[in-house]
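J.: Sequence:
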Amino acid sequence: MIKFADLNRLDLVSVLIAAISHDYGHDGLNNAYHVNAISDRAIRYSDQSVQENWHAAESFSILMDKKFNFLEGFSNDDFKTFRKRMVGIILSTDMAKHVNDLASFNAILEKNSISNGKNQEKIINRESAKTLFDSQQ
1 MIKFADLNRL DLVSVLIAAI SHDYGHDGLN NAYHVNAISD RAIRYSDQSV QENWHAAESF
61 SILMDKKFNF LEGFSNDDFK TFRKRMVGII LSTDMAKHVN DLASFNAILE KNSISNGKNQ
121 EKIINRESAK TLFDSQQ
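Counting from 1, one number per residue, gives the positions in the sequence shown under our numbering.
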């Protein structure tokens with residue numbers, strides 16, 4: 001999978017840290033509760049992926065703390081890539097967006113005739129750096 005998706009070490013660290021922190025600080029409530037209760041979290045994130053935005057922001061608060069900041073050695077570009085990947089992965093755990101995400105994924109499969117292991121290399125779009133990054137996300 002790593003070779004297939006052209007993932008590098010920075011990508012893997014992003015995925016690992018996102019997986020570890022995707023529910024950090026979860027309060028046991030869901031997005032609908034926060035929106036309906038007009039909670040501080042819902043207000044802070046304008047009712048959009050409330051919990052997921054909270055998890056990403058709180059995780060980055062910890063990562064930016066001098067005691068835990070392994071990111072300070074990253075170049076500016078690597079930091080931006082890490083952050084974009086990590087936040088993107090965490091935000092993608094919002095189940096309210098699952099149907100649209102799945103439809104987009106299925107459209108890619110259909111467009112590229114990917115089925116039963118055939119044409120699977122076409123799932124990663126290598127036309128440009130942006131399309132590569134987006135298709136890896």
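Honestly, the hints are just simulated from the structure, not real lab data.
Please note that the accuracy of each hint is not assured.
To be verified - For each label pair, taking beta carbons as the anchor points, the in silico distance ranges come out as: (1) Asn125 x Phe79: 20 to 26 angstroms; (2) Phe70 x Ser113: 37 to 43 angstroms; (3) Glu58 x Asn116: 25 to 31 angstroms; (4) Leu29 x Asp78: 32 to 38 angstroms; (5) Asp78 x Lys111: 17 to 23 angstroms; (6) Asp78 x Ile38: 36 to 42 angstroms; (7) Ser113 x Ile62: 41 to 47 angstroms; (8) Asn76 x Asn125: 22 to 28 angstroms; (9) Ser128 x Asn69: 16 to 22 angstroms; (10) Ile38 x Ile114: 40 to 46 angstroms; (11) Ala19 x Ser104: 20 to 26 angstroms; (12) Phe68 x Gln137: 22 to 28 angstroms; (13) Ala19 x Asn69: 37 to 43 angstroms.
Values in this document were obtained by computation on a predicted structure and should not be read as measured data.
Even for Gly, the Cβ is constructed at its ideal location relative to N, Cα and C.
J.: Please flag the earlier hints that this structure goes against, numbers listed from lowest up.
T.: Failing hints, ascending: 3, 5, 9, 13.
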